[in-house]
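Given the structure of chain A, go ahead and fit chains B, C and D onto it with the hints provided.
Number of protein chains: 4
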Amino acid sequence: MKLDGGVLIANITPFKDNLEVDWNEMARRTRDLASIPGIQGFVVNAFAAEAPALSHDERQRAVAIHKDNIRPGQTVVAAILDWAPPSTIRRGEEAGEAGADAVMVCSPYLSAYNANHSPEYAFHFHKEVAEGLDMPIVLFQLASGDQLSYPHEALVKMASEIDQVVGVKMAQAADCVRYDRDYYALKSLNKEIICLPSVGSTFFHNLSTGGDGILSGLAAFAPYECVEMLNLVKNGDLNRAQALHRRLAPLCHAIYGFPYADLHTRYKEVAYMVGALSSPVLRSPQLRMKAAELDRLWRAAQIADLRPIPGADETRPRLAA
Amino acid sequence: MKLDGGVLIANITPFKDNLEVDWNEMARRTRDLASIPGIQGFVVNAFAAEAPALSHDERQRAVAIHKDNIRPGQTVVAAILDWAPPSTIRRGEEAGEAGADAVMVCSPYLSAYNANHSPEYAFHFHKEVAEGLDMPIVLFQLASGDQLSYPHEALVKMASEIDQVVGVKMAQAADCVRYDRDYYALKSLNKEIICLPSVGSTFFHNLSTGGDGILSGLAAFAPYECVEMLNLVKNGDLNRAQALHRRLAPLCHAIYGFPYADLHTRYKEVAYMVGALSSPVLRSPQLRMKAAELDRLWRAAQIADLRPIPGADETRPRLAA
Amino acid sequence: MKLDGGVLIANITPFKDNLEVDWNEMARRTRDLASIPGIQGFVVNAFAAEAPALSHDERQRAVAIHKDNIRPGQTVVAAILDWAPPSTIRRGEEAGEAGADAVMVCSPYLSAYNANHSPEYAFHFHKEVAEGLDMPIVLFQLASGDQLSYPHEALVKMASEIDQVVGVKMAQAADCVRYDRDYYALKSLNKEIICLPSVGSTFFHNLSTGGDGILSGLAAFAPYECVEMLNLVKNGDLNRAQALHRRLAPLCHAIYGFPYADLHTRYKEVAYMVGALSSPVLRSPQLRMKAAELDRLWRAAQIADLRPIPGADETRPRLAA
Amino acid sequence: MKLDGGVLIANITPFKDNLEVDWNEMARRTRDLASIPGIQGFVVNAFAAEAPALSHDERQRAVAIHKDNIRPGQTVVAAILDWAPPSTIRRGEEAGEAGADAVMVCSPYLSAYNANHSPEYAFHFHKEVAEGLDMPIVLFQLASGDQLSYPHEALVKMASEIDQVVGVKMAQAADCVRYDRDYYALKSLNKEIICLPSVGSTFFHNLSTGGDGILSGLAAFAPYECVEMLNLVKNGDLNRAQALHRRLAPLCHAIYGFPYADLHTRYKEVAYMVGALSSPVLRSPQLRMKAAELDRLWRAAQIADLRPIPGADETRPRLAA
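Residue numbers (the numbering used here), protein chains in the order written: chain A, 11 to 331; chain B, 11 to 331; chain C, 11 to 331; chain D, 11 to 331.
Source of the hints: derived by calculation from the structure; they are not laboratory data.
Mixed in with the good hints there might be a few duds.
Where chains are identical, the list cannot tell them apart; a pair therefore holds if satisfied intra-copy or between any two copies.
What the hints assert, rightly or not - Below, a list of computed lysine-lysine pairs in the PhoX-like style, where the Cα atoms sit at most 25 Å apart:
1. Lys137 - Lys26
2. Lys300 - Lys137
3. Lys167 - Lys26
4. Lys197 - Lys167
5. Lys244 - Lys201
6. Lys300 - Lys167
Being a predicted model, the structure only gives us computed values, none of them experimental.
For reference, chain A alone in the conformation it holds in the complex:
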């Protein structure tokens, strides 16, 4: 897997009113998003996709549909969330059979675990997965402060010592110093590690330090803005990047704000508001937003003034019912 200044979309799973996956919508939206210049591929079955609520068969089909609808040169990364290395390997193999080019291994959850205090669990988990799975691996660095967030040294050690690791989803979130420390260290290794900022509220800051692209659920409904931010920073256009950062700030602060667990629901609601998704229907355990929160997202989305994606629903923007 290789990224040269492009955007990977952590795609959102559309559901029908009866809670079945809307496969036609998934195919259509994927095709439309894939047509946008600067889009490098998709991450399937991530949290943005509500993967914890998808069945095994649904996850497999999601990978296949994305594979079928990308353009030449684009890539499909399958996110894997599992409890133990052997089952993670099996899920990775299955994703590969369904067409995934690489896997993104989510930060494992262990009981009573704090990755800062017990970083060796994370290391051995990924090492065992890598030994059993013949695919490129993207690590998932969570927000600083999250119990499952790898400490700096552990992240660098995994990237350095596990051959199959090719990149890192950089979701350090608000902690820009942590991003900088991780980025500089990952880029000083004797192997190439692609670093992909993931949290919209810090794209500008992260990319200003340095970055190889973007990997985010935000790109499912703001792909043009993600590509634009990448290009502005790459071209050294600080003033226009600063202005774009400011314009997106209210939306990003709403989406990535308190409480953080609503993040993936907010992705879906905003995608629906701006016409990038035909329905905001969720599966549990996610919950719909309350009206006041929807209203806040709506106002922020108006300020952001996102460019409609190809095939966007005509009645956009609209306030979710």
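Chains B, C and D only, in chain A's frame:
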């Protein structure tokens, strides 16, 4: 499910050197533990059992083996750890078919989730599970400070408003004030909620406030001491309870100490040291203790001077290889 | 300084409506409290006394007044809160000149300081103070989680290696395991360290493990209950201690509950409600409680049903205006 | 007080080997630093100056010396750290008499205080100070996560509702999103609030969002680099700002890294290493760095390759003894 001052053992899964479950050992140990006066039953497939590393079929067989080896009047509770309510319901139903009398629903993990900030996720998760699963439910209250730990109000609301909730695994850990607040509130509801202290280092304090029994992995190798603590406090014998608390303190502080993620591994190592388990072999993602840590556990276990369980291996106590 | 199962009252400073210290009230209340069997002395100029809002001269006079109004055998400990060791020494010397028998050195505040990460600051601070001040020193162990709370090892090291340290105010608060670890370690040193539980919500639990007395602002208005808890636990009367713990729990949970910064204001409000103080007037930076909070304290105080102190205002209990 | 793209130096106090303040050195260094284009003035008696270890008279003299050695148009801000509003007012008045143009009120420390949980304390503290002190006030926003750090809403309310507040020391540190939220909100008020990034590791990110200057102890020994970063960002020169950010990163990550309490000691050590200070002697409670840490700072300082300040000691750079 009903507990009258008894102990539920969160059982430990024995593995052979080839990492297969040692079903004979599981059956034998369960039978031996079940013979101890004061043992009320077993919790199967909890973290102490390394359930995240067990397959579906293994979890089913573990329930069945426990069901086959308990004594009349004893109970089998199946712990369920899953991502979403519908799959939690299915796993609960399967556990029921295998012989479980009740389920213990582990605190759900959601991405970017902090249960203190978003308690409604926990509530709706359990509510949906309860609506789809015709079994008694035990809630799992984690250590204060854990991201997945329910805030007081959410715990009380779940216990109060979800009919099938019959009890709470009280693992508030070091935070005795939180235990007290939860306990007093749960006991003031218009329904019976059994409260089961779970963390050995605070059994004395928790039971001194009040408690209906014990639910703990500690009981898999210190069943006599768990029963004794229950009885001493029930009988108001503060001096002897204080002395027992002091004697167990070094072991409990080692087992439940920093880093907390090693807790379940330490259960297994100590169970092996004292002859309650024939092997300390673990499955990943758990990792073996380092020698210095084993030595620390060993010295603490000698102070604790645990009474051997029936059928304990003769060569106990012993230092793990 | 020596304590044998007695109570040290962290006294509250009474103010007149014009915000001057009410010295007559201070003398009278001190005399009345000192007459209660089991009261061993007073801690003056602690946070309960709003010492940060007192001038140098007021702090000196407060020490002198307490010295003048205690009974034979009782002790006066002066709390010292200062930024640097040399000025702490001077304040300690002045307190000694005013009549203090010992000093309690409050946990020093340094910019950007976290005592868990930089325990050497705490150690050297106290060591330098001890080298320059010829008085017994009581350490102040704050609630676990507070930035200024000493880690276990640092506390034990200070108690062990600094000769003048004779005792510890044990305000570990909700974290009973931390109390236990600290207590067992402090009691295993080759010198006597008196351990004084300080947080009312955990007196029962702390003393059940072990303790040499109580040091608390709670004792300024609930002295009989503090003495009673000490005696019940000392006598091994678990059932009556449990019942007293339960009766005091709503009041203690309100006083020591969220937000914790209101603790000292709540002391004063409740002292006024139950007639142990003639006015709840505060100096800034403390703020009066809101009506809803006062109402909550009032209801909790009624359940606690505290025995009136000698000379209690007749119209008690009463709701603060 | 007004800042137009300039740098305020939080100055460092030089001590002689006998721990007396070296007033000649203070005057000389102040004069030298004041001569650098882009330097707008000085903050005196801040934590960088070890103010907690200075006496009243020393703080007054420090203000006067700075006043005597600045250039026309430059400003002197006196930092005030105190326990209560009335004494803060007195210290502010005294600073004014000594020549200060404005005060920076440090975040007040209260026992058991967490500013996130009890923001009203911070508000009323500053409001009372403002009512009693006829001077411009700079607020001090600490690092996110610090117990004394104001929540966003409280900061904005203080800036908005307290007339005398003219600026904010923006030390949100690693939390760039918090800086952005604060900055955008402060700049949208109906009054001018100058926002001064203070933490070197995030100058680039903070200024890229927006900022009116810099207020930092880093500027006491890296004044040219602070001015350069300001100018590069102001001129939209992303590439050169990015390169400067990268060059300074190892030094900034060392100075502002773990443990954070060493920050002010590190300022002094590095100032000494690079010849900007004649001695690294500290007063307690600060402690000298250990050799390994000094070595780390030294290597980072070499990478940073700071431009010598006027009058820098010739033998620079040098490793502290």
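Going through the hints against the structure:
no. : hint            : verdict
1   : Lys137 - Lys26  : between (39 Å within a copy, 23 Å between copies)
2   : Lys300 - Lys137 : between (42 Å within a copy, 19 Å between copies)
3   : Lys167 - Lys26  : neither (43 Å within a copy, 31 Å between copies)
4   : Lys197 - Lys167 : within (13 Å within a copy, 42 Å between copies)
5   : Lys244 - Lys201 : within (22 Å within a copy, 36 Å between copies)
6   : Lys300 - Lys167 : between (42 Å within a copy, 20 Å between copies)
The structure fails to meet hint 3 from the earlier list, while all remaining hints are met.
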